[in-house]
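Put chain B on the given structure of chain A with help from the hints.
Those sequence lines, one after another, are chains A and B.
Residue numbering for the first sequence follows the numbering used here, beginning at 8 and increasing consecutively.
Residue numbering for the second sequence follows the numbering used here, beginning at 8 and increasing consecutively.
Check the hints yourself; a few may be wrong.
Pairs involving identical chains hold if they fit within one copy or between any two copies, as the list cannot separate such chains.
Here are the simulated DSBU-like pairs of lysine-lysine, each with C-alpha atoms no more than 30 Å apart in a straight line [unchecked claim]:
#, residue 1, residue 2
1, Lys407, Lys374
2, Lys73, Lys374
3, Lys374, Lys360
4, Lys304, Lys360
5, Lys407, Lys373
6, Lys35, Lys373
7, Lys373, Lys37
Keep in mind the hints are simulated off the structure, nothing from the lab.
Protein chains: 2
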Amino acid sequence: MIHQISGGVCAARGFRANGLHCGIRQNKTKKDLALIVSEVPCQAAAVYTTNLVKGAPIIVNREHLKNGVAQAVICNSGIANTCAADGVEKANTMARICAEATGLKEEDIIVGSTGVIGPSLNLDPIRAALPELISGLTADDAGSERAEQGIMTTDTRPKSAAVSFTLSGKECHLGGIAKGSGMIHPNMATMLVFITTDAAISAGMLQKALSTDVQGTFNMTSVDGDTSTNDTCVIMANGMAGNPRVDEEGADFTAFMEALNTVTVSLCRQIAGDGEGATRLIECALSGAKDLKTARKLAKAVVCSSLVKAAMFGADANWGRVLCALGYAGADLDVNRVDVSFRSSAGEVQVCKDGAGIPFSEEEAKKVLLEHEIEIAVACGDGDGCATAWGCDLTYDYVKINGDYRT
Amino acid sequence: MIHQISGGVCAARGFRANGLHCGIRQNKTKKDLALIVSEVPCQAAAVYTTNLVKGAPIIVNREHLKNGVAQAVICNSGIANTCAADGVEKANTMARICAEATGLKEEDIIVGSTGVIGPSLNLDPIRAALPELISGLTADDAGSERAEQGIMTTDTRPKSAAVSFTLSGKECHLGGIAKGSGMIHPNMATMLVFITTDAAISAGMLQKALSTDVQGTFNMTSVDGDTSTNDTCVIMANGMAGNPRVDEEGADFTAFMEALNTVTVSLCRQIAGDGEGATRLIECALSGAKDLKTARKLAKAVVCSSLVKAAMFGADANWGRVLCALGYAGADLDVNRVDVSFRSSAGEVQVCKDGAGIPFSEEEAKKVLLEHEIEIAVACGDGDGCATAWGCDLTYDYVKINGDYRT
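Okay, chain A solo, but in the shape it has when bound (with noise of 0.2 Å):
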């Protein structure tokens, strides 16, 4: 049983956090720096993103983690420490710097960073804020808040998710906190991911539990199809829960796979509601592909397409551009078997049978797209495939923060 609970990296036994302005951003009210540390050391695994261009910290981490095993995780917000000349050995400092002010060792320091990309990271305001930083570390909600808060850049609400399930008897806890899409100078859809836990499990099975997960929840969001230099996610395991360590796939894996699904699907949820300028969350719920990939495919095409985006901001029930999309996702499709609807709190409008228009009411659908959390359901006749896309509409604010910020 899984239950949703509060806490975000904070649920989880033995993990406490803090957030704090140490001044990379010039507003004071905003902070920038966030910092999460167990206890004990965890193993650890991090998927990065696709980009060839990659932020610094990802050169860094991947040391770090080849031998499975972290600690704490430092982040800052406001520089990306992306293609800057000096970026690797910024990224070294900054964990460096870290562990000796925590004690701990520099090769157990995950760091992260998000915002412009190209300047150089000044690490002074880091490195006079990391006693202050330390000192607040608290295991509490408060903790998670204030790191959700020091990892923001434009999103406008922090994100965190947690839940408690169980492991042989043994009670355990897995939670995060995530960033999406902006920045204050805007530059990037940077993701940032961080869940702590204390379940007993071996690094190899983390990341195969990380890997596996990715496939259908963060890499089936998007924005606005620009994939970051700096997308991250890092999971660490403390094992305080106590329970016999996952070593292998079993029930107790597949338990924790359930828990890890629950708390990414959460966050990717978030991430993809508050994407830059987003009125509305678009979720495709896709059945009857030929195959999952397929299904997944075709789900992440109708979410990224600008025309059924702008058609959600819209409340316009233009099921057409929802078949284009399809049809020009790369996929095998009968175009002639599908079924669209349009789902929300308001009702269900069906809106095309066997690919070809029905007589609905707008006014009932406008009613359903009027809502905040839209699904586009599409049914294939082709197979059992089956995948969830998210996204958010594209709305005159996006284009005002990515555009004319300096206007």
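Chain B in isolation, oriented as in the chain A frame:
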């Protein structure tokens, strides 16, 4: 020698054109029907959308062009005749009534439609307008212009280009008209291009020329990344220039390809520059890629990036977004050898060298980017592959046109 001339589809000998308002569109000031007729049967070729969802006209044209012969094009705007149960029947009837009214063979008629997906196409207004449409055909610039207007939707200006050139000492002409992105009842960035020439060339060589050319022209043009269901480019050659027919590769075929390319590049620039809501034409000129395929992937990723497009709207020299787009293009690239410059009629500013930012004058960059035609010059260090891609900026008006037209 290729000379730019006026006349669009009427630049070549023996072609007449017309366009008028027949009533498919509600706004009576907007033409919604176009006709292009050759005095004699033409060798013809076409390329169509790769979208699995295809407009009914495409299905009919494929049949009609099996013999490589065509003599006229009839095209309406307002309704796309796509995803309608009676679509193919309507497209066939449209060809038949046009054939009856013009005295041509039904299988020599090319049909086109652009507009809303879903609704059934009412042929009554077309049937009623055919006599006037035919009697008004003229072989001059004005005839081509009326046809250009007849296929426009939310295009803000008609689009045409034409050249004269020489094949084996005979003066030939080649011209085309195009419509770009947007619908009065917005639905789809359907691109339609009709090209005529009086050069004598076989249907096979015409297909070869067109299929080769579009890879580097129309397929490198993007307004919003949504591949339409109705995209069509047709070329008709009536041979009235009297040159020895081009039946194989050689100097004449090369000269023909150059003439064709001059017209298609011009039409691409016109389509991109008049993309929905666009205020700027963005041209990505990419050199030094590993090979041609890689160059095309990279250049297209840059003009398709929502973040690059929004930055160009804001005249913001946000080169990190260009690097980011190159990085996720899915192409082989040494990101540490990439240089980026912004160019326009106001000057040139280099912003990135060897994958990292270099100091530049923001003021100077702003001046360059405030022009209406912007070149993003990307030099890679991997080989000889070069490509150009055309796009436009992402603006409030794009969202307006596609989002809230009902509110």
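Hint check:
| no. | hint | verdict |
| --- | --- | --- |
| 1 | Lys407 <-> Lys374 | both (27 Å within a copy, 20 Å between copies) |
| 2 | Lys73 <-> Lys374 | neither (52 Å within a copy, 48 Å between copies) |
| 3 | Lys374 <-> Lys360 | within (21 Å within a copy, 52 Å between copies) |
| 4 | Lys304 <-> Lys360 | within (21 Å within a copy, 35 Å between copies) |
| 5 | Lys407 <-> Lys373 | both (26 Å within a copy, 17 Å between copies) |
| 6 | Lys35 <-> Lys373 | between (42 Å within a copy, 28 Å between copies) |
| 7 | Lys373 <-> Lys37 | between (37 Å within a copy, 29 Å between copies) |
When held up to the earlier numbered hints, the structure conflicts with hint 2 and nothing else.
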